[in-house]
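Undergrad: Sequence:
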Amino acid sequence: MKIKSILQTVLIILLFAGCSKDKDSPTVPEIGNQTPLPKVISVVYSHERSGTYTMSYDKEQQLTAIDIILYQDNNDIHWTAAVEYDAKGSVTRVLLENVDTMDNAYTYDTVFDYDENGDMADIIFTIGGDVKPTTFLYDPDNHIYKLDGDLGNFPMSWGFDQDKHLTEMVISDNYFKLTSSGNEKGVFHNLDSQPALTIWYGLLFYLSPHELYFFHQKDLDRFEADTFYYDYGEKVRDGDGNLIAFKMLPDDPLGVSISYTVSYENY
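So for the sequence shown, this note's numbering puts the first residue at 41; every next one is plus one.
Relax, there's no trap hidden among the hints.
Taking CB as the label site, the calculated pair distances span:
# : residue 1 : residue 2 : range
1 : Ser90     : Lys275    : 16 to 22 Å
2 : His87     : Asp107    : 20 to 26 Å
3 : Glu124    : Ser297    : 33 to 39 Å
Read the hints as simulated data drawn from the structure, not as lab findings. Note that CB positions come from ideal geometry on N, CA and C, so glycine has one too.
Model the full structure from these sequences, guided by the hints.
TA: This is how it looks when you write it as C-alpha cells:
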C-alpha cells in the first residue's frame with residue numbers, strides 16, 4: 041500500500057500486537073504539585089476527517105482512559121480505551137472497545153507481561169476473545185521492538201532513544217523517522233514515557249499513529265518517510281510553554297494538512 045496516500049485519507053484500521061521484551065524500566069519525570077497534562081486533543085484534517093481524544097488520569101498522574109471520537113465520511117466512530125498499571129507503574133493492559141456497537145467482536149484487549157526485573161516479557165493480544173499470534177524480536181542495545189505476523193502491514197517495528205521516546209518506525213516495508221528539537225515541551229511532556237503505550241496505539245491505529253503525537257515528551261519537528269515528510273509548524277504555546285496548537289504541514293503543496301489543538305488540566 042502507498043503510505044503517503046493512506047496518510048492523506050487516514051482510514052482507521054485495527055491491528056494486533058504480539059510478544060515483546062523491554063530492557064528499560066519506566067522512569068517517572070520530575071513533576072510538581074500542579075502538573076499540566078493534555079486533557080483534550082482535537083485533530084482536524086483539510087478534508088472531511090477529524091478526531092477528538094479526551095484523556096483521564098489518576099492521582100499518580102498516569103493515563104487511565106482515552107475517549108476517542110473519530111469523524112469521517114459523515115460518520116462518527118466512538119471508542120474507549122482503559123489503561124491499567126502494575127505497582128511499579130508499568131502498563132499491563134489496554135482494553136479498547138467500540139462504544140457504538142458494544143459487540144465483543146470489536147473488543148481489542150492488549151496485555152503486557154513483565155519479568156522479575158520489570159522488563160517487558162510478552163504481549164498478549166485478543167480480538168473478540170481470540171488470541172492473535174505474532175513473532176517478536178527485541179534489540180535491547182538499540183531499543184528496537186519488532187513484530188511480524190500474517191497481516192499485510194507486517195513486519196512492524198519501533199525504535200526508541202535511551203529515554204524511551206519514539207525515533208523511528210516501520211510499517212510493512214515503509215520506514216518513518218521522527219525528528220525532535222529537544223528545546224521545547226512536547227504535548228506529553230509530563231507523562232511517563234513508556235514504549236507500551238506507543239506500541240499499543242501504533243498497532244491498533246497504524247494508519248494514523250501521529251494523531252496522539254506518539255505520546256511524545258519532546259517537541260516534534262518532522263515526521264518523515266522515504267518519499268515525503270510532514271513538518272510540525274505554526275506552533276502556539278501558552279505562558280508556561282505548553283503546546284496548545286500546531287499543524288502537520290506536508291511537503292506537497294497539494295497534500296493534506298492536519299491542525300491540532302490541545303487543552304491541559306493540572307494534576
